[in-house]
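Trainee: Chains A and B are the protein sequences, given in the same order. In terms of my numbering, the first sequence is residues 360 to 697. In terms of my numbering, the second sequence is residues 76 to 573.
Mixed in with the good hints, there may be bad ones.
Computed cross-link-like contacts, SDA-like style, restricted to lysine to any residue with a CA-CA straight-line distance of at most 20 Å [what the hints assert, rightly or not]: (1) B:Lys493 / A:Arg395; (2) B:Lys493 / A:Gly379; (3) A:Lys536 / B:Glu265; (4) B:Lys493 / A:Gly402; (5) B:Lys493 / A:Gly389; (6) B:Lys530 / B:Arg394; (7) B:Lys493 / A:Asn399; (8) B:Lys493 / A:Val396; (9) B:Lys493 / A:Ile388.
A few chain B residues facing chain A, derived, Cβ under 8 Å [claimed, not checked]: (10) Ala122; (11) Asp124; (12) Gly197; (13) Pro200; (14) Asp266; (15) Glu485.
Chain B residues, not near chain A, derived (Cβ > 12 Å throughout) [as the list claims (entries may be wrong)]: (16) Leu160; (17) Gln161; (18) Val290; (19) Glu306; (20) Arg367; (21) Gly368; (22) Arg393; (23) Arg456; (24) Ala464; (25) Leu467; (26) Leu486; (27) Leu520.
In case anyone wonders, no lab produced these hints; they're calculated from the structure. Cβ atoms here follow ideal geometry from the backbone N, Cα and C, with glycine treated the same way.
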Amino acid sequence: MIDDLGRDPLILALVIGIVGLIVLALALIGTAVRFRVRNNRTGREWSRRERTWDPLILMVLSGAGPDLAIHESVAPADRLYFIEYLLRYARRLEGPERAVIERIAEPYLGPLVNRIGHRDEAFRARAIRTVGTLGQARYRDVIVAALDDPSDLVAMAAARSLTQSGSPALAAAVLAKLSRFGRWRPSLIASMLVRVGPAMAEPLRAMMADASAEPAVRVIAVEALAELSDPLAADAAARLLAGVTDRNLVVALLGLVFVAGRAEHLKVVRPLVASPDAPVRARAYATVARLDPGFSTDQIAQVLRDESPWVPIRVVEALESIGARRLVAEINAAAHRA
Amino acid sequence: MTEALWRVVWWFNGLVLAYFLILNLSYTASSMMAFRTLRRHIRRLRALDLDDLLSSVGAPPITLIAPAYNEEATCVESVRSLLTLQYPAFEVVVVNDGSKDRTIERLTEAFDLTPADRMASGTVPTAEIRGILTSRSHRNLWVVDKVNGGKADALNAGLNRCRTPIFCAIDADSILDRDALSRIVRPFLEDRTTVAAGGVVRIANGCVVRDGSVVEVGLPSSFLAQLQALEYLRAFLAGRVGWEAAGSTLLISGAFGAFRRDLVAAIGGYDTATVGEDMELTVRLHRYCLERGIAYHVAFVPDPAAWTECPTTFRVLRRQRDRWQRGLIETLVKHRAMLFRARYGRIGLIAFPFYFFMEMLGPVIEGFGYLAFAATLASGRGSGQYFTAFLLVSIVLGSVLSIAAVALEELSFHRYPKSADLARLIWLGVAENFGYRQMTMFWRLTGTFSALRGKHGWGKMERVGFATAATSALDPQPGAAGPTPPPGPAVIEAANRR
Numbered sequence: 360m361i362d363d364l365g366r367d368p369l370i371l372a373l374v375i376g377i378v379g380l381i382v383l384a385l386a387l388i389g390t391a392v393r394f395r396v397r398n399n400r401t402g403r404e405w406s407r408r409e410r411t412w413d414p415l416i417l418m419v420l421s422g423a424g425p426d427l428a429i430h431e432s433v434a435p436a437d438r439l440y441f442i443e444y445l446l447r448y449a450r451r452l453e454g455p456e457r458a459v460i461e462r463i464a465e466p467y468l469g470p471l472v473n474r475i476g477h478r479d480e481a482f483r484a485r486a487i488r489t490v491g492t493l494g495q496a497r498y499r500d501v502i503v504a505a506l507d508d509p510s511d512l513v514a515m516a517a518a519r520s521l522t523q524s525g526s527p528a529l530a531a532a533v534l535a536k537l538s539r540f541g542r543w544r545p546s547l548i549a550s551m552l553v554r555v556g557p558a559m560a561e562p563l564r565a566m567m568a569d570a571s572a573e574p575a576v577r578v579i580a581v582e583a584l585a586e587l588s589d590p591l592a593a594d595a596a597a598r599l600l601a602g603v604t605d606r607n608l609v610v611a612l613l614g615l616v617f618v619a620g621r622a623e624h625l626k627v628v629r630p631l632v633a634s635p636d637a638p639v640r641a642r643a644y645a646t647v648a649r650l651d652p653g654f655s656t657d658q659i660a661q662v663l664r665d666e667s668p669w670v671p672i673r674v675v676e677a678l679e680s681i682g683a684r685r686l687v688a689e690i691n692a693a694a695h696r697a
Numbered sequence: 076m077t078e079a080l081w082r083v084v085w086w087f088n089g090l091v092l093a094y095f096l097i098l099n100l101s102y103t104a105s106s107m108m109a110f111r112t113l114r115r116h117i118r119r120l121r122a123l124d125l126d127d128l129l130s131s132v133g134a135p136p137i138t139l140i141a142p143a144y145n146e147e148a149t150c151v152e153s154v155r156s157l158l159t160l161q162y163p164a165f166e167v168v169v170v171n172d173g174s175k176d177r178t179i180e181r182l183t184e185a186f187d188l189t190p191a192d193r194m195a196s197g198t199v200p201t202a203e204i205r206g207i208l209t210s211r212s213h214r215n216l217w218v219v220d221k222v223n224g225g226k227a228d229a230l231n232a233g234l235n236r237c238r239t240p241i242f243c244a245i246d247a248d249s250i251l252d253r254d255a256l257s258r259i260v261r262p263f264l265e266d267r268t269t270v271a272a273g274g275v276v277r278i279a280n281g282c283v284v285r286d287g288s289v290v291e292v293g294l295p296s297s298f299l300a301q302l303q304a305l306e307y308l309r310a311f312l313a314g315r316v317g318w319e320a321a322g323s324t325l326l327i328s329g330a331f332g333a334f335r336r337d338l339v340a341a342i343g344g345y346d347t348a349t350v351g352e353d354m355e356l357t358v359r360l361h362r363y364c365l366e367r368g369i370a371y372h373v374a375f376v377p378d379p380a381a382w383t384e385c386p387t388t389f390r391v392l393r394r395q396r397d398r399w400q401r402g403l404i405e406t407l408v409k410h411r412a413m414l415f416r417a418r419y420g421r422i423g424l425i426a427f428p429f430y431f432f433m434e435m436l437g438p439v440i441e442g443f444g445y446l447a448f449a450a451t452l453a454s455g456r457g458s459g460q461y462f463t464a465f466l467l468v469s470i471v472l473g474s475v476l477s478i479a480a481v482a483l484e485e486l487s488f489h490r491y492p493k494s495a496d497l498a499r500l501i502w503l504g505v506a507e508n509f510g511y512r513q514m515t516m517f518w519r520l521t522g523t524f525s526a527l528r529g530k531h532g533w534g535k536m537e538r539v540g541f542a543t544a545a546t547s548a549l550d551p552q553p554g555a556a557g558p559t560p561p562p563g564p565a566v567i568e569a570a571n572r573r
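Turn these sequences into a full structure, and let the hints guide you.
Mentor: The following block contains the structure:
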């Protein structure tokens, strides 16, 4: 083969290919080993830093030492690691201890804010998450501005940070941008908003009632109100049910009436048990079962005749939620016989 | 006549070379895309703070469906492992698919099962349901006891009892990472059009399992299992991640995959006529959504892992590969209408043709290619130099792809912490080219013939069970049944369990 190298171009190409591949294999082995060395070193470095910082931060948190004690232990090259370290602490703490962590973090956040302009969305999102957790008061405007970031990931990091603040004013900024989270799961956004507390109920009710808003946005508002079990919202939802056509919105509104409604809402719910749409019918039946004190054996027979298996399932869940064990047993027995 | 035959052989050699080139170029491209995708994925994970994201009630409830057939040796430990998963709201539905051993008795004793009512939420036809049981000790555990109907039928029975918007199909003998559900659900949170998401399957042999969770990762002691550990790394980290990057995930492993319940129910659940029900379901989901213009996304997530026991004997491995090949063929033949059809987008034009020609017909081309090369050489018509050179290219390229997968593992999750394991994986990347690849190719070829003969069924999968010890890992004897797992802490060495 060696003799043919100069004469046969195909052999030559194959030999070059083999040599090239061997070099590539060696380079990949080198890469794997380099990653391993880096990972091991990172692990060791983290352990070393934690050993240094753990006693110092406990000392500062307990008031036994000044902030300077820990600041002096942070080498310039370790600043980003230190922020990451503080972030872990901050998640576990609340109140005055949390405020101490935020105070310690303050001198290190500046360089991180520059990362909010990074071209990689993950870097931007991480920076927002960190700044939002450790320095929200100071960098509030930056975080609110990040709601308009072209990346959903960054906007979501900003939204989570703002809703975690517990401030209705900041959460209102998120509410105003809800339509940009249309790809995310509505229940997740709703639960984020609920973290702010009952103060969110009023703006959420306004959003729910806003006929010009996208149905997906209104669904988020309705789901959040259902999580808050807001009785005023149930009244509004009952009124809206008569005129809304979007299926997801109808199901969400029924869900709200289900958790926060009263017997007088039944007059708008009852017609929906005849809906051709199974999810609407199932939710309507469940709401009737929960709110109607006269829900009885006759209606159970009707429930069991429904073509959708979800109707009896949702009714049973509704009855279980109000402790109507006899009726549940009756439905189960009838279903078993069927 | 002879000359015409040689011409055919010559052309066939050309076809084999073309196949070799396309296949390896595809794998190389996939590995390169995987590199980029994994880096991006890791950064996104750091930015997301998954724990916080899921600590809210916004996390969708999930039902884990675990079909079990003759799993008396492993079922209790596996279910215990499932019950300890960290996720805000989930149910476990174990489907006892007419086991002939003491699976149902073991479960009943361990979890204090009692008959219960649970109305069906779906109407996918299944074999007869003998009873529904619920646990008095764990309110989120349900057991569906049914007449044997196969894995797909058992999954359908579980699907019919699923009440959550998402279900996760897993093998009853698999062990999930504690945070696996939180991680696999992420695509469903980020993109409401997500209809399915698959996670990584890793080899449990050689790992230490404590309290139903893998706590120490290591390579198995069996050489055959080590080769499979590398094979799985390559298939998932280089292969599946690459396909995800191309937006063309065509297979979500039956060992660990999450699906939107309403959609799977709408398409009739799992196909009971194939042994490749996992791939068939994924392909059918694609087809259903594309034909109806439904916006959808099938995702692959590289960080949640299910740890599974792999075969350690040639006999069982051969059966497994035979079955996989039959499942692949059944699925691709059933949905052949998608081949090269523009209406199916990237699936019809890229992924499906790749699986059809490279994965399905690959063993045939490669198998006969070896014969044709040998015949050409034996007749003195071929060049021994070319043959040697191509063989070398094939070996080195194969090694490069495997080593790339090891590098991907180090870049991303570095789950094998021992340096000796890293060195071993690199060495395996070279060693597997000398016999193992050819052997698995041959089994896939026989699987192709089995499919052509119309062979059905899974073949017997032998499980010995987790060996347990209080303080140290054990190496159970092959073929010996594991003792009943004791309650409380247990250390399990999952190596060489068959």
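Trainee: Flag every earlier hint the structure violates by its number, smallest first.
Mentor: 2, 13, 24, 25 and 26
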